[in-house]
Each structure stands twice: as C-alpha cells, then as structure tokens.
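Just so you know, this note's numbering puts 33 at position 24 of the sequence shown, and the rest follows in order with no gaps.
Hints are computed from structural coordinates only; laboratory data are not their basis. Everything numeric in this text was worked out from a predicted model, so none of it was measured. Just so you know, even glycine gets a beta-carbon here, dropped at the ideal spot from N, CA and C. Since no wrong hints were added, every one of them can be taken at face value.
Straight-line distance between alpha carbons at most 30 angstroms, and here's what the computed DSS-like set of lysine-lysine pairs gives:
(1) Lys229 - Lys136
(2) Lys215 - Lys160
(3) Lys160 - Lys19
(4) Lys49 - Lys160
(5) Lys229 - Lys89
(6) Lys215 - Lys136
(7) Lys136 - Lys160
(8) Lys49 - Lys19
Cβ-Cβ distance ranges computed for the label pairs, FRET-style:
(9) Met243 - Gln195: 35 to 43 angstroms
(10) Ser162 - Glu268: 48 to 56 angstroms
(11) Asp83 - Arg137: 33 to 41 angstroms
(12) Gly288 - Lys89: 42 to 50 angstroms
(13) Gly151 - Val211: 14 to 22 angstroms
(14) Thr155 - Glu242: 32 to 40 angstroms
(15) Pro102 - Arg124: 23 to 31 angstroms
(16) Phe164 - Asp309: 29 to 37 angstroms
(17) Asp265 - Arg22: 27 to 35 angstroms
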Amino acid sequence: MHAIIPVAGKGTRMRPLTWSVPKVLIRLAGNTVLGHIIDKLTASGVNHITLIVGYLGDEIVNWTRLNYPDIKVDYAIQEKMDGLASAVYLASPMTDDEQTLVVLGDTIFNADLSRAYSEDSNMIAVKRVADPSRFGVVVRSGSSVTELVEKPSVFVSDLAIVGIYGFSSGMVLMDAISRLIASGRQTKGEFQLTDAMQLMLVEGRKFGCFEVEDWFDCGKPDTLLETNRILLEMGTGLSDAEHCSSVIVPPVSIDDDVEILSSIVGPYVSIASGSRIQGSIVRNMIIGSDTTLSNVNIHDSIIGNEAEISGSAASINAGSSCRIEI
Numbered sequence: 010m011h012a013i014i015p016v017a018g019k020g021t022r023m024r025p026l027t028w029s030v031p032k033v034l035i036r037l038a039g040n041t042v043l044g045h046i047i048d049k050l051t052a053s054g055v056n057h058i059t060l061i062v063g064y065l066g067d068e069i070v071n072w073t074r075l076n077y078p079d080i081k082v083d084y085a086i087q088e089k090m091d092g093l094a095s096a097v098y099l100a101s102p103m104t105d106d107e108q109t110l111v112v113l114g115d116t117i118f119n120a121d122l123s124r125a126y127s128e129d130s131n132m133i134a135v136k137r138v139a140d141p142s143r144f145g146v147v148v149r150s151g152s153s154v155t156e157l158v159e160k161p162s163v164f165v166s167d168l169a170i171v172g173i174y175g176f177s178s179g180m181v182l183m184d185a186i187s188r189l190i191a192s193g194r195q196t197k198g199e200f201q202l203t204d205a206m207q208l209m210l211v212e213g214r215k216f217g218c219f220e221v222e223d224w225f226d227c228g229k230p231d232t233l234l235e236t237n238r239i240l241l242e243m244g245t246g247l248s249d250a251e252h253c254s255s256v257i258v259p260p261v262s263i264d265d266d267v268e269i270l271s272s273i274v275g276p277y278v279s280i281a282s283g284s285r286i287q288g289s290i291v292r293n294m295i296i297g298s299d300t301t302l303s304n305v306n307i308h309d310s311i312i313g314n315e316a317e318i319s320g321s322a323a324s325i326n327a328g329s330s331c332r333i334e335i
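With the sequences and hints as input, model every part of the structure.
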C-alpha cells in the first residue's frame with residue numbers, strides 16, 4: 010500500500026514556530042505531527058510512503074530517515090505552491106497501479122483506514138461540520154458520491170472532506186491530475202485535488218465516502234493546543250514519571266530526560282527531550298526540545314526548541330532559539 014503525504018507548506022499560520030521548524034515536525038503528545046500520521050498509516054498496512062517536501066525539506070528528510078529507517082520512504086520536491094493536485098502529481102514517478110492513499114500532512118486522524126481501501130471504488134474520508142463553506146464537501150446519493158464541491162458559497166452538504174483519500178489505482182489518479190494540469194483549469198488560483206476527482210467522477214469512476222471518528226487540525230496554534238489536549242485525554246503519548254519536589258498533573262507527555270525542579274506541570278502539557286523546567290507553573294502547553302523555563306507562570310502557549318524563558322505570568326507562542334524575559 011502506497012501513501013502520498015504533501016508536507017511542502019511554509020506553515021505561515023504557525024509562525025514564529027515555523028521560521029526554523031517545519032510545522033509537521035512540531036511535537037505534541039509524544040510525537041511529531043508527521044510521526045503521528047506515519048504511525049497510523051504503517052499500522053494500517055502502508056509500506057511505501059512518498060513525502061512531497063519543500064520548505065525546510067531537508068529537515069523532514071533527515072528526521073524521517075532517522076526515525077523510520079525500516080520503511081520505504083521516497084521524496085519529491087515541490088518548488089511552486091500551485092495546489093494540492095499539483096503537489097500529489099509530483100509523486101507520479103513513484104506511483105503504479107496499486108491502491109494509493111493521499112493524506113494531508115497537517116491533520117491527525119483517528120479512523121479505520123481499512124474503509125479507505127476498495128478494489129472497485131475510490132473512497133473519501135468525511136466528517137460532518139457546522140460550517141461547510143470552509144471546506145471541500147461531498148454530495149452523495151445513498152452510498153455513492155455524486156459531486157465534489159470546493160468551499161461552497163451556498164449549502165450543498167455538511168460532509169466535509171478531511172484530507173484522507175483512497176484511490177483504487179494510483180495511475181488512474183495521476184492520469185486525471187495530468188489532464189487537469191494540461192487543461193490549465195484552476196480553482197481560486199490553484200490546481201485542486203477535488204477538481205481532479207470531479208473529472209474522474211464525470212468519466213464514470215466510482216467514489217464512496219466514510220466518516221472518520223476524529224479529525225484534528227494542526228495548522229494553527231490554537232487548534233494545535235486543542236489537538237494536544239484531546240490526544241492526551243485519549244491516552245496518546247502519556248508519561249507517568251515522577252520528578253523531585255514537583256507536582257505533575259495528568260495528563261501529560263514528558264520525555265524521559267526532561268528535568269523538572271520545584272514546579273507544577275499540567276494538565277495538558279507536552280515537553281520534548283532535553284528541556285528543563287525550574288520554579289515554574291505550566292499548563293496547557295507544548296514545549297520543544299532543549300528549552301529552559303525558569304520562574305514563570307505560563308499557560309496556553311507553544312514554545313519552540315532551544316528557547317530560554319524567564320519571568321512571570323504569560324501566554325505566548327515563541328519560536329526556536331529565542332530568549333525571553335517576562
């Protein structure tokens with residue numbers, strides 16, 4: 010089983026964190042965003058992954074090679090950001106006639122991926138949403154999808170496409186994208202994957218859909234913190250280590266070599282390797298690796314790698330290698 014994961018975006022909504030770290034390598038609940046996705050895929054039988062890289066792509070390549078040496082992973086470089094369909098098409102040299110998944114790199118999901126596999130139909134993961142105008146949506150009749158609409162201005166369906174697509178043939182998908190790009194047809198200035206799938210629908214290719222249990226957005230600081238909270242509540246990446254003269258309020262995810270002194274940590278805190286928390290109160294936070302917090306009361310924040318923060322109460326988002334006195 011082959012999976013294509015586009016991860017070339019700059020993550021502008023996550024700045025300043027993403028000035029130095031790709032958004033898919035931000036850690037939460039014991040793993041990076043990309044790590045959570047790859048673990049789900051490999052547990053579902055995926056044995057070949059193609060990553061579409063761009064911004065800070067070398068870091069993604071190096072991280073993947075270090076952490077997943079036994080999985081076949083190859084890479085394609087997206088130089089021009091002109092749509093999801095264009096990104097996926099870069100994987101065409103690595104794609105054959107086997108079943109192929111496309112999974113967006115900024116969402117973590119809890120879904121039975123066996124429902125995405127079908128020999129005679131293509132499958133789209135969906136979830137009911139209150140405001141479908143923000144999403145691509147599917148229109149269906151019975152169990153069959155009849156139309157795909159990108160960010161509808163008038164209501165046609167509340168079944169939002171959540172970024173998991175199963176195609177019965179990778180080659181058929183690539184052929185549709187190739188013809189879409191050759192036609193020059195863009196929606197809102199980009200080559201949309203939904204337009205390529207709509208072309209397949211018009212030509213008689215079958216599409217179905219399945220609803221996912223959970224779908225977590227990791228594209229903005231507030232949604233990333235919310236995803237961290239939910240994953241910890243679900244038991245993902247939990248740790249139960251005790252730290253001298255400190256109070257740990259679960260659920261938390263704390264790497265083994267993190268040093269915590271005279272502090273109150275939790276709930277809903279994830280701390281990456283090599284960090285040090287001293288004389289502080291922290292809650293509802295994501296803290297990167299090799300970061301030091303001293304004498305702070307801080308909450309609802311995301312701190313990058315190798316940062317130093319000291320002072321008093323605050324709620325901030327701080328990028329890597331910064332030094333802040335509050």
